Amino acid sequence: MKIAVLIKQVPGAESALPINSEAIGVQEDQVSFLMNESDSYALEEAQKIIEAQGSGEVVAISLGPDRVQKIIREALAKGADRGIHLQSEASGLVDPLTLAKQFAKVLESEHFDLIFSGLQSDDSGMGQTGIILGELLNMATASLVVETELGENSLKVKRELEAGWFQWVTLTLPASISIQSGLNQPRYPSLRGIMGAKKKELKIVPESDFIVDGEKQSIRKVFVPKTDKRTEMIDGEPDAVVARLVEILKNDVKVL
Amino acid sequence: MDILVVLESSNGSLHRMSREAIVGAQSLAAENGLSIGALSMGADAEQIASIVTSYNIDEVLVVNNDLLSPYNADGFAECVKQVVEQESPTLVVIGHTYQTRDYFPKVSARLDKPFIPDVISMNKENDSFVFTKTVFNGKLGSEVVSNDSACTLISFQAAAFSDENIMSGSATTRQVDISLEPGNVKSTSEAPFQEEAGGVDLSSADLIVSVGRGIEKEDNIPMAKELANALNGELASSRPVVDAGWLPSSHQVGSSGQSVSPNLYIALGISGAIQHVVGMKGSKNIIAINKDADAPIFEIADYGVVGNVLDIVPKLTEVIKG
Ligand SMILES: Cc1cc2nc3c(=O)[nH]c(=O)nc-3n(C[C@H](O)[C@H](O)[C@H](O)COP(=O)(O)OP(=O)(O)OC[C@H]3O[C@@H](n4cnc5c(N)ncnc54)[C@H](O)[C@@H]3O)c2cc1C
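So the sequences go chain by chain: S and H.
Whatever position you read off the first sequence (first residue = 1), add 10 for this note's numbering.
Whatever position you read off the second sequence (first residue = 1), add 1308 for this note's numbering.
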C-alpha cells in the first residue's frame, strides 16, 4: 500500500498578511508559514492506515518554493517515509487545474494506491486539487472525508454532508480523497523522529519536469475587504470594556 | 443557452443554494441579455424540474438515468460534462454546497475548463467577467478572471444572493440523454444518516456564548460556561473546539453543525470563517471579542472588542453576577 499525501505550506492563522506591491498576493517575507490544517489530518490518517497494515509507505509531497521543504521535513519527522518537493516559484494562490496537472505529471509513474489531501487550503481555499488529480489519474474520488476503513480492494469513507448528516461511500482503488478536519488527532514529531527525518529521502523535482499549458484562471487583485456594517468597536482597559459591555447587555440587548 | 444553472435536490426539495444560484444567474441574464437553462438530474430530477419551471428561466433540462441515483460523484460529473458539451453554455453556475465540493472539480478536469469556487459577487468588464471571492479564510478578498473564453464554471458562496429575490416566470422542459456505463462509476453510496440526535438543541436558544480556538485550551472552557450560565444562555463553539475534543459535536455552530438565530450571540475567540458565519449570522445581536482587530468576525458583529478573552470574560462574568 502506497499513500501519497499532498501537503501545502500556508500562512498560519496568526500570521500577518500584508498585501504585496503587485497586489496579487501577500508579502511572503512577512508571513509565518505552517502546514495547512486539514493536510495535517490527511497525513495522520495515511500514517494510521499504513501502521495498521504493518507495511507500505507514506509519501509527503509539496509544491512550492524551497521554503516548503520545511513542512516536508516536518511530515518526515512525524513518520512519513519519504518526501517529494516539486520546485515552483508560483504563489499559493494558483489555479488548481494547473496545479493538479503538475502533480499528475510527476506522480503518474509512482502508481499510488491512495492519494490524500486536505479538504481546502487556508490561503486560496479552492478545495479542488486532490479531486482533480484523482480524475487526471483515473482514480475514484471523494471529498469531505471524516472516517476511513480500508477494505480488500476498496476504501470505505464516511463523508460529511450538510447540517450534521453523513454518508458512507465505498471507493474502488486507486482512490484520491480529500480529508476534513477533526477525524483524528494529528501527532507531534518525537525527538527521535526529528533526528531520523534528516536521513530520509527528499526528492527534489525541478519545474522543467512538470511544465503544463497556461493557467485557466488567474488572480487579478487581492484587497482588504470592506464592510458596510456599522460595528461599535469598544476600546480600553479590560475594566472599561467590561463596564461598556454590561451597559450594552442592559440597555441595548436587554438581557440583564 | 448562455448560462447553465446546475440544480441540487435537498431531500426532494430544491436546495436553498440552488435557488440562490438561480437568483445570481437571473441578475446576470437581466444585465447582459443572456439566456438561462437549468439542469436537473438524479433521483429527484422530475420533482426538482417541476419546481423550477415556475421561475424566470428559459428552459429546464432533465436527465433521467438510473446510474445517477443515488448521488455519485462520477455519474454527476459525467452528466454535467456531457450536457455542457451538448449545450455549450459560456457560464455554468452552481451553489457552493458540499455536494458541489465533491464532484464539481471533476467536471473541471473532464472539460478542462476552470472552476472558480465560492464566488461572492461578479461584474462584467469589457467583454469578460470578474469574479470576487475571499482568500486566507475571509481575511482578504480577491478578484479572479477566467482565461477560457468558451466556458467557465463558478459556484456561489452561501448567501451571495438572497433567494427571496428569485423572479418567477415559466420555463419549458426538455429531456436530455447522456451516455453512462456502470463501469464509469467508481463508488457505491449508502443512504445518508444523522449522527446521535440529542445533545443540545441550539436552534431555539435565545442567548448563546460561543467559543472558538481563541479560548486557547480545554481548561478555559469552564470560564465561557460560567458566562453562559450567568446570562442564562447556552454554550456553543466553532469547529476546531469540537475537533480538539473540548466540546461534543452537538455544540458546533456552522455549515456542518447547527444554525442558530438567538437574540444575542457572543463570539469568544472566533475568527469568523464563512462556514461558521453561515450558521450564526441570523443572530439579532452579535458581540465579538477577538485579539485580532482584522478578524472577519468584526465585519458582521454589532459590537466588537479587540482584546484577550481570557482577561475580559472572567471580569464580565463577575460583574454580571454582581
Ligand atoms: C466544508 C467545511 C465545513 C466547515 N464547517 C464548519 C462549521 O460547521 N463550524 C465552524 O465553526 N467551522 C467550520 N469549518 C471551519 C472553518 O472554516 C474555520 O476553520 C473555523 O470556523 C475556525 O474556527 P475558529 O474561529 O474558532 O478558529 P480560528 O480561525 O483559528 O480563529 C481563532 C481566533 O481567535 C483569536 N484569538 C486567539 N487567541 C485569542 C485570545 N486569547 N483572545 C481573543 N481572541 C483570540 C484569533 O485572533 C482568531 O481570530 C468548516 C470548514 C470547511 C472547509
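Hints are computed from structural coordinates only; laboratory data are not their basis.
It cannot be assumed that every hint is accurate.
[Unchecked claim] Taking lysine-lysine and the DSSO-like style, the derived pairs with C-alpha atoms no more than 27 Å apart in a straight line are: (1) K260(S) <-> K1389(H); (2) K260(S) <-> K1421(H); (3) K1592(H) <-> K1623(H); (4) K236(S) <-> K1599(H).
These figures come from a predicted structure and were not determined experimentally.
To see whether the hints hold, each was checked on the structure:
{"no.": "1", "hint": "K260(S) <-> K1389(H)", "in the structure": "violated, 57 Å"}
{"no.": "2", "hint": "K260(S) <-> K1421(H)", "in the structure": "violated, 55 Å"}
{"no.": "3", "hint": "K1592(H) <-> K1623(H)", "in the structure": "holds, 24 Å"}
{"no.": "4", "hint": "K236(S) <-> K1599(H)", "in the structure": "holds, 19 Å"}
Consistency note: the structure conflicts with the earlier hints numbered 1 and 2.
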